[in-house]
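*Asks:* Build the full structure now, drawing on both the sequences and the hints.
Chains as they are written, first to last, in the working numbering: chain V, 277 to 650; chain R, 277 to 650; chain D, 6 to 377; chain E, 6 to 377.
Don't read these hints as lab results, they were simulated from the structure.
In this text, all values refer to a predicted model and were calculated from it rather than measured experimentally.
Take these hints with a grain of salt, some might be off.
[What the hints assert, rightly or not] Simulated DEER-style distance windows between Cβ atoms:
1. E:Glu209 to D:Leu263: 47 to 57 Å
2. D:Val208 to R:Asp545: 26 to 36 Å
3. E:Glu123 to D:Ser24: 37 to 47 Å
4. E:Arg359 to D:Asn7: 33 to 43 Å
5. V:Asp633 to R:Ser450: 38 to 48 Å
6. V:Asp616 to D:Leu263: 13 to 23 Å
7. R:Val636 to E:Lys280: 36 to 46 Å
8. R:Glu329 to D:Leu114: 24 to 34 Å
9. V:Glu283 to E:Lys85: 10 to 20 Å
10. V:Thr526 to D:Lys358: 45 to 55 Å
11. E:Arg164 to D:Ser24: 56 to 66 Å
12. R:Gly375 to V:Lys459: 18 to 28 Å
13. V:Lys504 to R:Asp641: 51 to 61 Å
14. V:Glu283 to D:Glu212: 56 to 66 Å
[Unchecked claim] Here are the simulated BS3-like cross-link-like pairs (lysine-lysine), alpha carbons at most 27 Å apart as the crow flies:
15. E:Lys85 to V:Lys415
16. R:Lys281 to R:Lys423
17. E:Lys121 to D:Lys376
Think of the CB as a built atom: it goes at the ideal place given N, C-alpha and C, for glycine as much as any other residue.
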Amino acid sequence: MSKFKKEIMAMILAGGQGSRLKEMTHKIAKPAVPFGGKYRIIDFALSNCANSEIDTVGILTQYEPYVLNSHIGIGSPWDLDRQHGGVRVLPPYYNRSGGRWYKGTANAIYENISFIDRYEPEYILILSGDHIYNMDYAKMLAFHKKKKAEVTIAVKEVTFEEAQRFGILSSDESDRIYDFEEKPKNPKSTMASMGIYIFNWALLREALIEDENNPDSKNDFGKNIIPKLVNENADVFSYEYSGYWRDVGTVESLWEANMDLLNPESDLDLFNPKWKIYSANTISPPQYIAPQANVEKSIVNDGCIIKGSVKNSIISTKVKIGANSVIESSVIMPDAVIEDGVHLYKTIVMSGVVVKDNTVVKGNDKEVILVTGE
Amino acid sequence: MSKFKKEIMAMILAGGQGSRLKEMTHKIAKPAVPFGGKYRIIDFALSNCANSEIDTVGILTQYEPYVLNSHIGIGSPWDLDRQHGGVRVLPPYYNRSGGRWYKGTANAIYENISFIDRYEPEYILILSGDHIYNMDYAKMLAFHKKKKAEVTIAVKEVTFEEAQRFGILSSDESDRIYDFEEKPKNPKSTMASMGIYIFNWALLREALIEDENNPDSKNDFGKNIIPKLVNENADVFSYEYSGYWRDVGTVESLWEANMDLLNPESDLDLFNPKWKIYSANTISPPQYIAPQANVEKSIVNDGCIIKGSVKNSIISTKVKIGANSVIESSVIMPDAVIEDGVHLYKTIVMSGVVVKDNTVVKGNDKEVILVTGE
Amino acid sequence: MNELMGIINLSASTEKLKSLTEIRTIGSIPIGGRYRVIDFILSNMVNSGMSNIAICTQGKARSLYDHVGSGKYWDLDRKKDGLYYFHPEASSIDIVQKKGDIEIFNSMLGFIKGSKQEYVLLTRSYMVCNVDFLPMLEYHKETGADITVLYKRMNNHVRRFIDCDTVNIDENDSIISIGKNLGKKKFYNVSLEMYIMKRELLVELIEESIHLGDVDFLKQAIFKQIGELDIKGFAFEGYLACINSIQNYYKANMDMLLPEVQEELFHSDALIYTKIKDEPSTFYADDSYTSNALVSSGCIIEGVVENSVLSRGVHVKKGAIVRNSVIMQNCEIGETANINYMILDKNVDVSEKRVFNGDVEHPFVIAKNSKV
Amino acid sequence: MNELMGIINLSASTEKLKSLTEIRTIGSIPIGGRYRVIDFILSNMVNSGMSNIAICTQGKARSLYDHVGSGKYWDLDRKKDGLYYFHPEASSIDIVQKKGDIEIFNSMLGFIKGSKQEYVLLTRSYMVCNVDFLPMLEYHKETGADITVLYKRMNNHVRRFIDCDTVNIDENDSIISIGKNLGKKKFYNVSLEMYIMKRELLVELIEESIHLGDVDFLKQAIFKQIGELDIKGFAFEGYLACINSIQNYYKANMDMLLPEVQEELFHSDALIYTKIKDEPSTFYADDSYTSNALVSSGCIIEGVVENSVLSRGVHVKKGAIVRNSVIMQNCEIGETANINYMILDKNVDVSEKRVFNGDVEHPFVIAKNSKV
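*Replies:* Below you can see the structure in the form of structure tokens.
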């Protein structure tokens, strides 16, 4: 067996800005947004790959890739610093016909066909870099093989209201998909595509080339590639996933997903030693809880110094919380400094922000307040 | 001392196509062109950094970066797979104001100011990724400090004819530069800039921002930044370098530089154990010289199987040379296969090309023939 | 600063640390929550720009290899220079204690001679501090001394550095004699057992000792040179602990609860590196109470934790109380158990309702993997 | 294929290899120019998709650690699984030869039990071949055997595998008995000493052996099971050499000059990995002559090289003649020296005009670092 040939490899789409996350994505791409105290969003897709024993991963970047690049580095946190395969960041580039930005999700893969071909994969796993979930892709691949599918789409049951935001598909009792609609006004079902696809590479390769030659195409998986394959009666199957999965597209949903970590009923379990979520580790000492501090129902990380009161909150790496400050139902991102006498309720404090003495910021039932320090 | 602060870091300009190298750079950038049997051109700049104990290097790519990216990988060949610093490839990217290709050499650095700032360097070394030379940048830095210079430019004596192709500068007896002309018709001196600069970062940072705001600028070091600083009477010094240095811009000069490796009189010494040139190593067995082979005055590499006659030639990694073939004064790039009864004289055979049985290709005094396999 | 190479000598008497060193070397004792003792000296060297470092191990070195490995967490996993191990080929504590460490140094001679740095820093592993060796090297060069010894002036803590070497220094900072701290003097200069000298001098000292066969320990060879060579002292002003007894080990952990010690050791620019473990965050449950505690990642706190240092993955169950204790990795404190002035080695499982009480001067150690 | 973990057992009698193993284990003997003996079995495992591999070393293991290191050149430098070393804490060849290797396996029990793979492949280090373990594992699963042993049918080369284990197999591929090749039979089945079994069975075999104390070597524990357990043979068809004597070592090197052996070992998709050294290219001077030679990088050939294997950095000076020889790293053959049927260990310096002649059946060895 050649070391260069890989049965399956993954391509992670990480080029989007995520503009509904407001100031959070001015300087970083959405997949690089901090989550859960010590992670960045893309850690979930990467750790899922590592835990599913997929050791060859391409990451397609375009928008403000610097933080993402530094975070991924040589891939060691995910055991992806390999001699063969491993993780490779794939930005847009110039060739003899000029500069080629990625026009859409499908085009991003199209532009990297030669990268993929080098590994001669049987299957290719297309992922999005901005979802929070723990999923064993090896099981999905086993399903794909068992069904002798050409394409397998991971799906999740959503509510009827939510369905309008997703690609919605209908499948028969054998899980074969006969209908696919991107963001339908009147959804025919509530099975939403999670944006996770396994393709037979030979089939996708052909479809990408055809799509690229179609000047009317938006070069997008959800809008073009998948509907076309379904219409052409390719063997497209749905793989139902019932675990935790969240697309944290807005400030509110990012806050909610963080709060899920404090909810023992939630399916999002980061304490499972068999399915660790890996991240680039900072070099920091243990957290110090001072004599006058009070910490309850909260998550706290390395390098923190807590002198105030923390309740129902996520305190990220290297956060300082001053005396007489009260932090409730908030997410404090890495390196933020909360000075003395501050009161925060239902907020997200962005990375590195200094919240001055005696500041009071309170969100409410409808709104989470993003503290940007400006 | 903070691990993040670096006294000096290097930025290697590796975005150029190098179109005078013809078919050789259709699919790869010039710095990725193979050289000397087991290297690529950029190995020289990278190894010089490693040997000069510069451990933080940015590589600016734009044109066909894929092969270059794979070659550099995580930087392990150059001991640059570091937790702090190390090597980082810096492609153009999108930000909120849109996609930003690099407009010129100075603009490429400008776009990465925030990358550089992270290391708080005192000095910044600007290098070109397409020169063949062994140079100790630590000595140049010592000169820069001793002269209390703001900018130091490495220079080399060239002939009057060559001078028209270079940036030519004039300096006084204290090595202070008072005049700089890019590619002058009537050179005032024969001291050519090697395109190797050390800047005080604070000064360069300001100059780059100013240059970016000038709509008439070509955003180029040689055309804009350096002349402006000289005119403004900045402390710009010339550092004379007398060792081997070659800009292999054409097929002929690439061939000549390869031939220099066979010339014991040449200053280009790759056998110096104290100044090794590192490269990404292929996994290949020792070379096999078959009973009927004859190899003289030549360089041969790992993974080769030589059954024919080789004289005055550079045989790169994993090349096969068939029986009764005669290779003279030629450069055979990696993975090429020369079948039986072939006769080559003064040629460069490109990577992976198969030269069929009994082919005869001969260059002459004036011309080196590039064998592309097409 | 590539003028200085480092040699960390781990051979040491572990008599007074026995309950912690039966399964490991001093260098690999867990300390300060997420660290091992050797992390301090290793990080100090790396932060001072040193990149060529040898570790001489002895005895049960397996846990040390597991922890330090190829040195990649200290950026020492390199092609040129990097981290090197030396271990006596036929190893057993008896042999080393009888024959001293000169034999190990002898086996390193080729390595020392082949290194390219002009100076060598010779240290032990058990000193916990955050020190920059650059000023010491500068001082060594300026004074032209043959050997420079790092020391700290003590004018209190009479009993803190018992059994450590002490140096007696004249008004020119020259060392007149080297003794041992028996805990009877209030003012003394404790030696950090960190020596800078020319690499060539070290080679000479080793070769001469082997040739004459008159000393068993390299330290003795150095002491013998007092009067012959110019040996200077260089004062260290920062926080210092020596892990040479259970009491001192316990005190060093408790010191790390002091904000000023934390600031100096952990929050300066010179970071202390350690092996990365990918633990999740620490979770504090509703109704838990934590006060004055250094807590590592991956812990679950459902009970009460006060004045204690917790390593990674410790689980303090509901109603359990942990006070004035050092709890190592993956310990579990059962419901309503009560722990006070204790040191729990790794993977100790304290059953519910159990009560264990040590004393501030005599903290008890519960051995690794015990279920009590 | 993460169903199979690997254990490479390096303890072996080195009596007949003495001049090469005084300073190293069999696994770290240089072979085939740029390789060490252990590269073959390690690469075979990695190429078969195995990622959890233990090496039990014994005796002078330093050169082996230097060569294999963290395993990064085999992509085994990982967080999950990867490469593990086990070394008897008080090591000396005598102890191991007296007490066998069961003790080492006993010290690995925790590791073996904690591994997640269902099957284990147990091997030695001295078999040189390019083998894919996947078909063997498939066969093992299909037949439902308790233990599967890899063997090769020999119908010639009577004396080639002397002292190796032989297996006697019935028509169902079941192993009836295991013996030793004394070099008297023309047809025999040589055992590659590579065993696949369930991980649990290995644990049982070790625990029972320790409990009963009746065998010293794990191999004996396996042999004892013949008749009790279902032990199958699986035939290997490829090239095989066993490095268990100087003669066999020499012959294996000479075999690598055969194009068909090269093709199988080095030019298939399953590459043999080794430590990377960053040598420059090899330079052949004007008037040099090389014929039928395997030459590593970094050599300078100014003289004549025929029917020989050269490691990295060898310098054959003007007028020197090297024939039918194995020359290890950084040797220098002086002007007009003449070498025939010789094995030169690393860094040997042959002065000008010297003549050394071995014999095809008795190649001479010149020891490492000699100047002759």
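*Asks:* Taking the Cβ atom of glutamate 123 of chain E and the Cβ atom of serine 24 of chain D, is their distance within the range 37 to 47 Å?
*Replies:* For serine 24 of chain D against glutamate 123 of chain E, whose Cβ atoms are near 39 Å apart, the range 37 to 47 Å holds.
*Asks:* Could you check the hint for me, namely that glutamate 329 of chain R and leucine 114 of chain D are 24 to 34 Å apart, CB to CB?
*Replies:* holds (26 Å)
*Asks:* Within 33 to 43 Å: is that where the Cβ-Cβ distance between arginine 359 of chain E and asparagine 7 of chain D falls?
*Replies:* Given a distance of about 41 Å, which is inside 33 to 43 Å, the answer is holds.
*Asks:* For the hint 38 to 48 Å, verify it against the beta carbon of aspartate 633 of chain V and that of serine 450 of chain R.
*Replies:* About 55 Å separates the Cβ atoms of aspartate 633 of chain V and serine 450 of chain R, which means 38 to 48 Å is violated.
*Asks:* Holds or violated: the 56 to 66 Å window for the beta-carbon distance between glutamate 283 of chain V and glutamate 212 of chain D?
*Replies:* Given range 56 to 66 Å: holds, Cβ gap about 58 Å.
*Asks:* Indicate whether the distance between the beta carbons of threonine 526 of chain V and lysine 358 of chain D respects the range 45 to 55 Å.
*Replies:* With Cβ atoms ~48 Å apart, the hint holds.
*Asks:* Falls inside 18 to 28 Å, the C-beta gap from glycine 375 of chain R to lysine 459 of chain V?
*Replies:* holds (26 Å)
*Asks:* CB of lysine 504 of chain V to CB of aspartate 641 of chain R, is that within 51 to 61 Å?
*Replies:* Between lysine 504 of chain V and aspartate 641 of chain R, where Cβ atoms are some 59 Å apart, the hint holds.
*Asks:* Could you tell me whether the CB distance from arginine 164 of chain E to serine 24 of chain D stays inside 56 to 66 Å?
*Replies:* holds (58 Å)
*Asks:* Run the distance test for lysine 85 of chain E versus lysine 415 of chain V: straight-line Cα separation, threshold 27 Å.
*Replies:* holds (20 Å)
*Asks:* Is 26 to 36 Å right for how far apart the beta carbons of valine 208 of chain D and aspartate 545 of chain R are?
*Replies:* holds (31 Å)
*Asks:* What's the verdict on lysine 121 of chain E and lysine 376 of chain D, does the C-alpha distance respect the 27 Å limit or exceed it?
*Replies:* Distance of about 25 Å is within 27 Å: holds.
Of the numbered hints stated above, the single one contradicted by the structure is hint 5.
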